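**Q** So you can see what is in the structure, the chains are spelled out below.
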Amino acid sequence: MRKNLKKLLTVGAIGLSFSALVHAKTELTMYYPVSVGGSLTKVVDSIVADFEQQNPDIDVNAIYAGNYNDARVKALAALNSGKPAQLSVMFSIDVHELMDLDAIVPFDEVISTPEEKTWLNSFHPALMENGLVDGKTYGIPFQRSTIVMYYNKDMFRAAGLDPEKAPSSWQELIDMGQKLTKKDSSGKVTQWGAMIPSTGYPYWMFGALTKEKGHKLMNQAGNKTYFDDPKAIAALEFWQDLGDKYQVIPKGTIEWGTLRQNFLEEKTAMMWHSTGNLTAVKNAAKFDFGVAMLPANVERGSPTGGGNFYLFKNATTEEKKAALELVKFMTSPEQAAKWSIQTGYMGISPAAYQTPELKEYVSSFPPAAVARDQLKFATAELSTHQSGRVRKLLDDAIQAVLNGQQSAEQALTSAQKQADRILSRYR
Amino acid sequence: MFKTYKAQAWLLLAPALILLVAFTYFPIGNTVWRSFFGFGVQMGDYLSDENYARLMEDTVFWKVLKNNLLYALVTVPASIVLALVMALWVNSKIAGQSFLRLSFFTPTMLPMISVANIWLLFYSPEIGLFNSVLESFGGSGINWLGDPDTALYSLMAMTIWKEAGFFMIFYLAALQTISPDLYKAARTENASAWYIFRRITFPLLMPTTLFVFVNALLNAFKLIDHLFILTKGGPNNATNLLLYYIYENSFSFFDTAYASALTVVLLLVLIIMALIQFGIIERRVHY
Amino acid sequence: MNKLFTACSSSVAWVFALLWVFPLLYAFWAAFHSAEYATSFQLFAPLEINNFIKAWDQAPFVRYMLNTFAISLLTLAGQLIVCTLAAYALARIAFRGRALIFSLIIMQLMVTPEILIVENYQTLAQLRLIDTYFAVAIPYMASAFGIFLLRQSFKSVPMDLENAAKLEGCNLLQIIWKVYVPLAKPTYVAYALVSISTHWNNFLWPLVATNTENSRPLTVGLSIFGAPESGVDWGVICAGTLISIGPLLVVFILFQRQFIQSFMHAGIK
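Chains as they are written, first to last, in this note's numbering: chain X, 1 to 427; chain W, 428 to 714; chain R, 715 to 983.
With the rest of the complex left out, here is chain X (with noise of 0.2 Å):
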């Protein structure tokens, strides 16, 4: 008798607790940013939600994190707590950093199937440009954009111009941007022609205009920057020419974090600014505005933005499968779609664009495509190891140069050689 209870209770606990293995859930952390105005959290937690409908074995805690450097730093921080993340949306250009604190693994190690294998070539290309190192994935797009012209059509009319066609070129940019500024009797701009952010992320906006005279600031490796290249140093005296020579733009410093609202207060007719902002400025424009490319110079260009999807090395094996699985799930083109519409970020493969959402979204709202079709004019984003650091470099030398403080060229040398300093060992 006491033989059969033993081996009852043995089987028991042994089927008790397979079956808790069976349906033991995989729990995933992950932080992400929100970089656009808006309840974004909310449309976070819906797709997540929906995921965990679909994969009742997976449970997802998504953590907001704040702007891309808080992301980071947080993330990272969880690595260090009793809570760490599997994975986490983070800046495309933290790549060089996270794998240099040995942070990260490619999504090649972790995919196994030839639709998986498919579904890592799915985006676009111009996207994947900065997750891509010694051909190995490193980060999947997810939030990304690119800098669009928005514009301000009614003021356009106004101007005599016409609305349907923004600058194409440096040049319609001074002579459009002059004939949109407008002075009070006293000589006071009431109306800039235009307005380029310089604080925030003031190296994108210059990665643009040299991405424009055809130059590209560092190596794919990120251990070289290109900061004294001529074309980088015309580009930059473009940049203070606009607000000095030819007084298009406001002088000095511009900020990135009231831009948005200056444009819709018609403060200026023209702004460049993240495509991450289409739906907050559709939502609250009272005028008639629109969306074109950046213009050109040599050629068109804009660096690519946002944020990828990394996954971290310190997860097990069965997380990093789920971890996959959220990944595949988020970046489908029905969810991709889905958040294009929401936040006005890209689809960020072609196979976005071709849902039915996206379609209708961007036949009856065509400013939705003008960034996806500037990502054939697009160049990676600056990244390098010591990215944050490297980055500070160019935004206080632009910052200088805006502000009169040093001509262009000493500031980028200058610039070019402290990066120098601090690259050099990683080649």
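Please note that the accuracy of each hint is not assured.
Label-pair restraints from in silico Cβ distances [to be verified]: (1) X:Lys42 / W:Glu562: 35 to 41 Å; (2) R:Phe783 / W:Ile699: 35 to 41 Å; (3) R:Leu739 / X:Lys245: 39 to 45 Å; (4) X:Asp57 / R:Ile795: 56 to 62 Å.
Selected chain R positions facing chain X (in silico; Cβ < 7 Å) [to be verified]: (5) Asn925; (6) Thr926; (7) Ile938; (8) Met978.
Keep in mind the hints are simulated off the structure, nothing from the lab.
This structure is a prediction, so every number in the text was calculated from the model and none was measured.
By construction, the Cβ of each residue, glycine as well, lies at the ideal position given by its N, Cα and C atoms.
We have chain X already, so just place chains W and R on it with the hints.
**A** Here is chains W and R on its own, set in the frame of chain X:
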């Protein structure tokens, strides 16, 4: 008499001492250690002055140090003077005393982050309040936070607004402990208000002034919350302050070794201030 | 002549006070109007609470308030215990090294936990305590200010009372609890108010010590809230700001006399 055992003293002090060692003294030691032995996020095993050599050559560091000293130099006296004036007002027989007191003290109760958010709006060049007011008087707008020449001063103005009320309270307390007989005596001798202030009030407020001075000086180095909202140290480091630079290096650039070297500099500044406090207070204040 | 001077100085004081409180009034006004009115200052533009709804939607303010409340209370509780014990030892027990210990404690008035943010973060990360209330509170529990205040207070307690308690057979902890603590009540109240206001508004240390909404306080929440990449919406920012300063401000206005007396009391010492 009951003998109190010395062992008990140590037991009573134990919690405080453990915490102090853990969060003040051990970190100080570790900071110095890391600044000499660390590189990036790792700790090496040989001593090198590489972090300090870098510090000497780092133009941003010198700018930051200069900024912080200038920042202290302006905000400390300004806050003290304003605090004193406000305390005198609140203490006098002006009508509406509690409104004055409330109005001056309220900024102190707000977190610096909220204050910064509000003032960010004021300082906005195109759409902000200050420029609108300026322009309605015919002036031209100033890029308060974006112009390297005005940015730091704009921060100072905001800080003084926030801090002066806090120091006012200490002056108020001290004013109320001054015996009214002194004033009566002075008045019978027909002393003017200014004379009374100069010869009676101010000297008696010396201890408070010193206390407020040290506090204000400490805050000038330790309170950097507003940078996160207003300028992040820009434009081009025009408003970068030492503790913010330390934060950037440690948490944005992951260079904890260099951040440690910077912290050592900050500690030296604070130690010098502490010595001044003990030196002067012990000698000039009590009589 | 004197009367004129007083009247002038009165009006100057009043104008100054109005200017001084103006920013807060402005934020208040801006929170209740939509963004464009905030910048074109149409004073009697329509009121709306849209900003509050949006702000409330965008960030878990209730959670942040709860966290801030918990952190402030935890900090205070720790401080009260640690500082009381230490203050008694320093005030009443003669032992070798007392002066040295006292100066070591006073040093902490200058070198606050934020100064050593790099190391303190590493310490808590290694203890795996990041993102807990405890992590935010613990570096502040040994408060030099608290120890200093309580020591002053305890020193003025008459020895007879302590002797009487000893005669009744109380041990040390009971003496502290029965004799010293009640007599120092005003100091405790004053200190509590100062501590709570300070820690309610603390930002830099909580910024690095917290990671998620689980422990994030209002100040950190507000800083994240106000800094999305695409830019700010003034009305919403002001609304969010008001929501976060609301609780403390309301309590302050209701109890301003006590608050101010507390700070004054602390200052005298």
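**Q** Run every hint past the structure and note whether it holds.
**A** To see whether the hints hold, each was checked on the structure:
For the pair Lys42 of chain X and Glu562 of chain W, the supplied restraint of 35 to 41 Å holds, since their beta-carbon distance comes to about 40 Å. Distance hint for Phe783 of chain R and Ile699 of chain W: a CB-CB separation of about 38 Å, consistent with the stated range 35 to 41 Å. A beta carbon spacing of about 43 Å between Leu739 of chain R and Lys245 of chain X agrees with the range 39 to 45 Å that was offered as a hint. At roughly 46 Å, the beta carbons of Asp57 of chain X and Ile795 of chain R sit outside the given window of 56 to 62 Å.
Nearest Cβ of chain X to the Cβ of Asn925 of chain R: about 5 Å, under the 7 Å cut. The hint holds. Because the closest C-beta pair between Thr926 of chain R and chain X is about 5 Å apart, less than 7 Å, the hint holds. Hint status for Ile938 of chain R relative to chain X: holds, with the closest Cβ pair at about 4 Å, below 7 Å. A hinted interface residue such as Met978 of chain R counts as satisfied when its beta carbon comes closer than 7 Å to some beta carbon of chain X; here the least separation is about 38 Å, so the hint is violated.
Against the hints set out earlier in the document, violations occur for numbers 4, 8.
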